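Peer 1: Read off the chains here:
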Amino acid sequence: MAARSKVVGGFREAVADIPDGSTIAFGGFAMPGTPFNLIRALLEQGAKRLTLVANSTGGAQQPRMPDIGMLVENGQVAKVICAFTAATRPTDPIPFTKYYEAGEVEAELVPQGTLAERMRAAGAGIPAFYTPTAVGTELAEGRETRVINGREYLLEYALPLDYAFIRAARADTFGNLRFHRAQRNFNPLMATAAKCTIVEVDEPILPAGGIDADDVHTSGLFVHRLVQVPPAPEGIWPAKRQERRK
Amino acid sequence: MAARSKVVGGFREAVADIPDGSTIAFGGFAMPGTPFNLIRALLEQGAKRLTLVANSTGGAQQPRMPDIGMLVENGQVAKVICAFTAATRPTDPIPFTKYYEAGEVEAELVPQGTLAERMRAAGAGIPAFYTPTAVGTELAEGRETRVINGREYLLEYALPLDYAFIRAARADTFGNLRFHRAQRNFNPLMATAAKCTIVEVDEPILPAGGIDADDVHTSGLFVHRLVQVPPAPEGIWPAKRQERRK
Amino acid sequence: MSGSKGLNRQQMADLAAEQFQNGWVVNLGVGIPTMCSNTDIGDTDIVYHSENGIIGYGQVAAEGTEDLNLVNAGGQNVTLKPGAAVVHHADSFGIIRGGHIDVTVMGAYQVSCGGDFANWKLKGQKGGGIGGAMDLAACAKRVFIILEHTTRDGSSRLMAACDLPVTARGVVKLVATNFGLFEPTGTGFLMHQIAPGLTVDQVRAATGAPLSVVDNLPVVRLAG
Amino acid sequence: MSGSKGLNRQQMADLAAEQFQNGWVVNLGVGIPTMCSNTDIGDTDIVYHSENGIIGYGQVAAEGTEDLNLVNAGGQNVTLKPGAAVVHHADSFGIIRGGHIDVTVMGAYQVSCGGDFANWKLKGQKGGGIGGAMDLAACAKRVFIILEHTTRDGSSRLMAACDLPVTARGVVKLVATNFGLFEPTGTGFLMHQIAPGLTVDQVRAATGAPLSVVDNLPVVRLAG
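Protein chains in written order, with the working numbering: chain A, 1 to 246; chain B, 1 to 246; chain C, 1 to 224; chain D, 1 to 224.
Calculated directly from the structure, the hints in this document are not laboratory data. You may find that some hints are simply not true.
To be verified - According to the in silico footprint, chain C covers these stretches of chain A (three or more CB under 8 Å from chain C):
hint	region
1	72-79
2	83-95
3	109-120
4	149-160
Because the structure is a prediction, the values reported are computed rather than measured. Yeah, the Cβ is synthetic: ideal placement off N, Cα and C, and Gly gets one too.
Turn these sequences into a full structure, and let the hints steer you where they fit.
Peer 2: In structure tokens, the structure reads:
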């Protein structure tokens, strides 16, 4: 295990071979765990007709950081699978909404827990499962449900990925990862569901075994490429959020 | 969160209120993570008509440690849900087999991964899921299957528990747990699936916060009672396995 | 916020938070519900859960001490209480779907006397913002809703039936508004507390479903 | 073990292990398969996975250095390689079901030329011992089987069809026996290597399905 290192030289190299039409998931919930640097590299790389998977499309926060809404604005995206096509508060519009409403991009709106579980299922070889979430709502209209022990459940399918872009605090060369606090969010799940997981890492990458076996959050089995984030301004780091003006 | 301590005085007290007819899961895979002390306490407590859930019924190893086969021998068990009613190697018989073959106890034989996933599902509010495991075998006869993307899958249901008995290396008073190495096995899953999780703990129990938030393996949300294992011979600890004589 | 009569935002949050019981695991939605964690509920022992996998967060971090990798569901930089733990999103929603959340407190556009509520999609909107609301609504042991009693144009948000797409059906246990505390009964709303300075008739006139009232109706006691 | 002709147990394990490719994630079943980790396969880089959640275990621990809380699927006290990680059982079987295991090597009672195999239940037995075998068999990218070519009474374990209850159907890619290395072809077995001192006719006579042979059939090279 020690022999292979998954460290690649930079973000450009890490995303160079991503073909048009790929399905790519982006970790992160608000700023923590968001692969800002990989998003920027993908904007430059230019792959098209992408399907993106993420909690939200971004752009609700100030300062605006690289987000997948920018990939939409850049004409690279066919479809987004996410839990928000519009903001929680109508007073805080997000940039994606107008592209979606204009029909320039497709979207599949999925409840956040179902989105997480569909990726967990893909990684864990579960092709479909039942959930109580969204039963009785517009999202369940015309879809298959089943009553189990007297309660109605909705059938949901696994969501497999070609690529996962995630961010971690620490890694070893085998690709074992640790996340700091809320960095974890979707990131471990996306790694299990993807054919190729690319990780931007906050700290200098350790030799294999630099993380104790009991302390690994994501096994290197699920990780394919590692890039260390350089200091700002070359690398992009979470910034302090500013409140929006009302 | 800091106010509540879940530490109870001893194993007898920890299992005193378990009623007849309960469904109880027992962590452990071989010796690591097996709640030997809680098993012994339940043997003394004497609850009857129990349904037990575990990977195996034990007794294949020398020296024989407290195992759930002893609960069967003690007349406390109606049914066992497990991955082995007989040993892997017919040359290494396990004590449970003869009670099962004599019809003194029921058993439901479940593939190990399905057993784990059924408990994970119960804890995670998934009432049922599909798996490729056991398709085309005797275990699938007469059961519901479904073809998804051209492959046949078996429908499996969640397995909720009344109690989980598990063992951990470290705990804080809120019930956050860490497992050492192969102690982990089924234990975190069983904790999520049970109404009441009882943990025997190797090390002195720490104040709340004694385990960093990023290092917790099982959240105290899932833990209800903690007992520290006393030193041997009063407490029971994993022993070095002896090879069976052939 | 429209200078309406009755309680202010923090007082509405207090009204909900005072119902929390010792040992509960509580999930707070974005907006006013977040303010429940500011309410003084004495030594009631609460575990705050956030859907991004934080179990046991505490106050918003003081200026200058923020960990930029530690946020609650609203994106605020929070602190951790002793005994906190972090899990990933599938485990976090396992906690939610598995019924381990004692109460979720959410904002909404509308709530019905049958316990339905709507908070993810405006009328005529394409798509919307669901986030974790449908999972929480369907699976928490209790759903509390906090909302303004009426819209800006004066129509009631407490209705016989929601006319916006619902988030979940039949799940709301309590509703805190600027006018008081209400329980959906299936056929109407039962008022448990009334805001100071309002009459039952005023509240009834502003409510879109039959309103009943508990005996000796208490007036909301304001903190401080 | 019955003084049979051909390879001994370690040599059978070697025959399977020599097929491992660089970077593979390998799961070894109880018994002879465990011995694959003793095979010298040069600098081929293998990650051994054990269904109790150990990713990257190494040699059996030396006498006196055992960690009693660290075992492989066979209950042996093993060591960890640098880069190892521990996960719980649901995640471990997520790795298996999710197709992240490149090969699982298992013992069996019988294997058919259609790639079925049987290893969990004896004839007429009530119940059996499944463990993780059905998950591994159904979901690993490849299944290799190691077994004695014949039973004690001389009947073949390589059959046209299994007559014991199967563990999975159509999944076996390679079979290592004391007589050589075989591939189920659907209609028979294709012999890739033959054990020293045996003739093709002897092997054919001991095989319960049509046997074909690769051109210039290699003789198994014994280590050391």
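Peer 1: Each hint should be assessed against the structure and marked as holding or not.
Peer 2: Taking the hints in turn, this is what the structure says about them:
1. 72-79: With 0 residues in contact (Cβ-Cβ under 8 Å with chain C), the coverage given for the region 72-79 of chain A is violated.
2. 83-95: holds (count 8)
3. 109-120: Coverage by chain C holds here, the residue count being 10 at a Cβ distance below 8 Å.
4. 149-160: Since three or more residues must qualify, the claim that chain C covers the region 149-160 of chain A is violated, with 0 doing so at under 8 Å.
Taken one by one, the earlier hints fail for this structure at numbers 1 and 4, listed in ascending order.
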